[in-house]
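Novice: Sequence:
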Amino acid sequence: MFDYHSIHSAISAVHAKQIFFIGGVAKSGTTWLQILLDLHPNITCKGEGHFPNNFAPLLRRVLDMHNECISSKNASIFKELPGYPRYTEEHYLYLLTSAITLLLHQQTEHKSVQTIGEKTPDNICFFPLLDTLFPRAKFIQVVRDGRDSAVSGWFHNLRVSPEWTRQNFSSIDDYIKMFAEIWATGVSEGSKFGARQPARYLEIRYEDLSSDPEGTLEKAFRFLGVEFGRDIVKRCCVDGSFERLSGGRSRGQANHESFFRKGIAGDWRNYLSEEMNKVFQDKAGEWLARFGYI
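FYI, in the working numbering the residues of the sequence shown are 85 to 378.
So the derived label-pair ranges between C-beta atoms look like this:
1) 373 to 157: 50 to 60 Å
2) 376 to 220: 27 to 37 Å
3) 194 to 163: 49 to 59 Å
4) 272 to 194: 29 to 39 Å
5) 142 to 279: 27 to 37 Å
6) 296 to 374: 14 to 24 Å
7) 272 to 220: 18 to 28 Å
8) 194 to 162: 42 to 52 Å
9) 355 to 311: 37 to 47 Å
10) 134 to 178: 16 to 26 Å
11) 319 to 279: 31 to 41 Å
12) 369 to 93: 43 to 53 Å
These aren't lab readings, by the way, just hints derived from the structure by calculation.
Even glycine gets a Cβ: it sits at the ideal position worked out from N, Cα and C.
Just need the whole structure built from these sequences, with the hints factored in.
Specialist: Rendered as structure tokens:
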């Protein structure tokens, strides 16, 4: 039975917890970090909600359409009367926050925690909006060498959308040219937000997570303010390892039919020619250098 007050009380309680959002350019390791964090006993971190990039514009469109209907009637049928109120920007933000919080609350139904996270790669371009909705939230950008992300993205798209991929890109080189600009835009958006909110922003490099998973995960736990010991960190890293997630394959052993394809850093060297490496650096060299990739 629908109980408005009970639901409102439940979602209000969510705001007393530590909320965080993970973002990053596609195929940068956001899912891996999400899984590792979710393995902590006092964290729930799920993906993907697609709140700011999908739900938010749909909600705005619905409210705009309704407002247009009301405005039309106010200006015609009821033009001699004060007219009916319309949804405002504040109403939109309230409804959007409430809708997101409803699903964050659902993440806690089978796991009692004090820290709630959501991962959607596209969050990276919407950290400011999420910050408006959740002013106490923390934000994590996962960064990976854009050339590796491009290669991983190419094989990912061939796996999940082969027809679309082949219709839009004649080769991996065409895809890489397009991806370089997307990567540069994404990491720059995240970094700009981090410069404005340094206390609530953390950058994690895929390469560090790969070479030192325990140390990198400890850094994330400290940032989120959760308690941890060596046993918790080790268990998270074992249960969230590439070997475990891939069903037993070693890192570097590729399976192009798996979401967890290869799990290594530097694979771009196997696919990018010197010419394509130069193209990528021309488009995104500033950010490759800033994150230590060149």
